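Same order as they appear, the protein sequences are chains A and B. Under the UniProt record's numbering, the first residue of the first sequence is numbered 1, with each subsequent residue one higher. Under the UniProt record's numbering, the first residue of the second sequence is numbered 1, with each subsequent residue one higher.
Rather than coming from a laboratory, the hints here were simulated on the basis of the structure. This one's a predicted model, so the numbers in the text were calculated from it and none came from an experiment. One should not assume that every hint holds.
Heads up, the list lumps identical chains together, so a pair's fine if it works in one copy or across two of them.
DSS-like, lysine-lysine: derived pairs with alpha carbons at most 27 Å apart [claimed, not checked]:
1) K53 / K73
2) K393 / K337
3) K348 / K33
4) K168 / K143
5) K143 / K8
There are 2 protein chains.
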Amino acid sequence: MTLARSMKSLMEGNSVIRKMFELGQEMAEKYGKEQVYDFSLGNPVASVPYEVKNAIISLLENQDPHEIHGYMKNAGFPDVRKQVAEHLEKRFGLAYSAENILMCNGAAGGLNILMRCLLDEEDEVLCFAPYFTEYKAYVSHYKAKLTVVPMRKEDFSLNLDMAEQMIKRRTKAVILNNPNNPSGIIYSEEDLRALTKILKSAEERLGHPIYLICDEPYRELAYDDREVLFMPEIYENSIYLYSFSKTLSIPGERIGYLAISDRVEEGKELMAAAVIAGRTLGFVNAPSLFQKVIGQCLDVKVDLSFYDRNRKLLYTELSEMGFSCVPPQGAFYLLMKSPMEDTDAFLKLAEEEHIILVPTDGFGLPGYFRLAYCLPYEKIEASIPAFRALAKKCQERVLQDKEEQ
Amino acid sequence: MTLARSMKSLMEGNSVIRKMFELGQEMAEKYGKEQVYDFSLGNPVASVPYEVKNAIISLLENQDPHEIHGYMKNAGFPDVRKQVAEHLEKRFGLAYSAENILMCNGAAGGLNILMRCLLDEEDEVLCFAPYFTEYKAYVSHYKAKLTVVPMRKEDFSLNLDMAEQMIKRRTKAVILNNPNNPSGIIYSEEDLRALTKILKSAEERLGHPIYLICDEPYRELAYDDREVLFMPEIYENSIYLYSFSKTLSIPGERIGYLAISDRVEEGKELMAAAVIAGRTLGFVNAPSLFQKVIGQCLDVKVDLSFYDRNRKLLYTELSEMGFSCVPPQGAFYLLMKSPMEDTDAFLKLAEEEHIILVPTDGFGLPGYFRLAYCLPYEKIEASIPAFRALAKKCQERVLQDKEEQ
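Turn these sequences into a full structure, and let the hints steer you where they fit.
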């Protein structure tokens, strides 16, 4: 084996999301796209806002191509960083300047940069179950450890008592994904304020900052007027991480930003390190044209009603069929509890109905499935009979198993 | 210090290129852009070919925005990968298929992906001095070692005897940057064929493949009809790495590809690993719109005459002034030997004339400076009197030093 040993374990744990996505694509080729109900991938299908196309064309027509396609400072175009800083300040009332902003390749790019900056071997990063399955890989590149705080099973909220116990001497950062992928939960203000207290007291106890990395690509997808608390306001050592993938329906373009305010302890050093980490990890800079594009699209709103319709339809129908689901509050994911003890068997049954789900074992949550409902409404409507057939088969199977026992 | 210890050394060795580039920008602000001769950065200024803009607009007008801005397989759009494979096969006569191609974020992105795939702690990667200064950082992320083969001082060619001695049990790969940054040298066919013999015999001796990573962003910048040998043809375990930054003058867009042909030993495993490494390092995929753009621009030719004029003017003038320069054959770099023993003092003198050069200590070549002549011709013309003044000051200083001794 010529590959790095450490690569082997990464390959064995390869993303089940991608595996299911590729299965869905194969099934679509075999049975026709209309006959497959693929809930695997968080690939937004709300329209790409017309402002994106307008911005690209206006940039191509009016600006020097060497400017829009050329090198800039590794941190990003100064004008775009200034626009982002002003946008944040206007929106959240917290002071930001261009120097606080690093343009990065989506949230995944930003997280990797932060992990490179912060982690030595055996350092720890805390996150809360259920968590985005790739965090583990990000941390593993530097031989550090991802410590997963179990959730409160009742309501999928933050288990704060456990978190407090699990913060150790080597804990460098806590990742908070809000709204949460895969649960669709938005964490309550009460819990988040309690979390900051825990973090502050841990900082005092340990004598070093514990950065709260606020991974918020789904911030704009909050239903029923729920508020997503802006953590940098209430916890000084917050690093805010945003991606435009979901809001502008442009996940392939890999564009987002990191914001490290002046209130962050050692924030200037961290920003300087992030610039160098970004360059030496091979990002060099976030894609240039799309930096300029998002500079012109900061106030563009996502079509929330598009996903909300899907959410309501899917949750209501599945619940009525007897599936046990976590009521989704944000993002475009719905968690469904496996109605069968043997989750593989259930996954197979779903496949027979051409329904592609993602088991959440890799998200720190065995016994559940994630459904990404970022699909056309008609597709979700069309899937309902398939789910009904699945529910029926499932009941039959459960009865059969009972008889056999 | 909250930052990773390993980050600290990266920060201390921070790119002198970027430092000089930023100095150039500060001086431009202070004295006016016209008064500064900035040879620091390889930021191509040949026109962005009209085909790039045409491709973007045609894609925006004719294709589904979800397709061009959305997720695809992590390896890239299948149609673009097929186009790249066909292009390579047509051009070099070696068999490639879409499955051999991974779209990546420029050459820097591709190199980082390969390093992640191949390197465990204490593994080694060989490269030849002078070398692109960032290789060291890329290797360091995985605590591996970059072993630098000294060049032949007479002509900056490959020191093959040394290379043979320096390949050890832990050598996983050799990086070959041809045409070379910073020397502007194109390696001879004779040397390259000799190199493959050395690699093959080392593979037999060591019992594992030694991948030759052909880092070739400057392939299309070869002057006087010089040939840049296509290594995958003569060495089976070659991995070809290309970037469109220089050819299409779009370095900010971060777009390139990796090609791992079926002849590469364990090539399928390496490709599978590269896809996962790319995703988990946070690239996820190469920027989507620009994947499609380069699919339409594969046959676009760079304006070679643009850089060739610069090359001739700069080399001729500097040589006439008495500066000792390496005759540049490719890329857009010229190496100048420091005319003073104290290179810092020379750099200061140059700065006094508003000339920004990059010392090449970090490229494994102390005592030299790199001049990136990817500038408008008029800029190079305008810099000649400044160089002349520098030459004069330099002579005076050398005389003065002699008198003092």
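First find the shortest C-alpha distance between K168 and K143 inside one copy, then the shortest across copies, and answer within, between, both or neither for a cut-off of 27 Å.
both (17 Å within a copy, 25 Å between copies)
Since the copies are identical, ignore which copy is meant and state whether K143 and K8 lie within 27 Å (CA to CA) inside a copy, between copies, both or neither.
Intra 14 Å, inter 17 Å, cutoff 27 Å: intra and inter.
One pair to classify: K53 and K73, alpha carbons no more than 27 Å apart. Within, between, both, or neither?
both (25 Å within a copy, 23 Å between copies)
What label fits K348 with K33 when the C-alpha limit is 27 Å: within, between, both, or neither?
Result: close within a single copy only, 19 Å intra versus 66 Å inter.
Is it within a copy, between copies, both, or neither that the alpha carbon of K393 lies no farther than 27 Å from that of K337?
within (16 Å within a copy, 79 Å between copies)
Violated hints: none; the structure is consistent with every hint.
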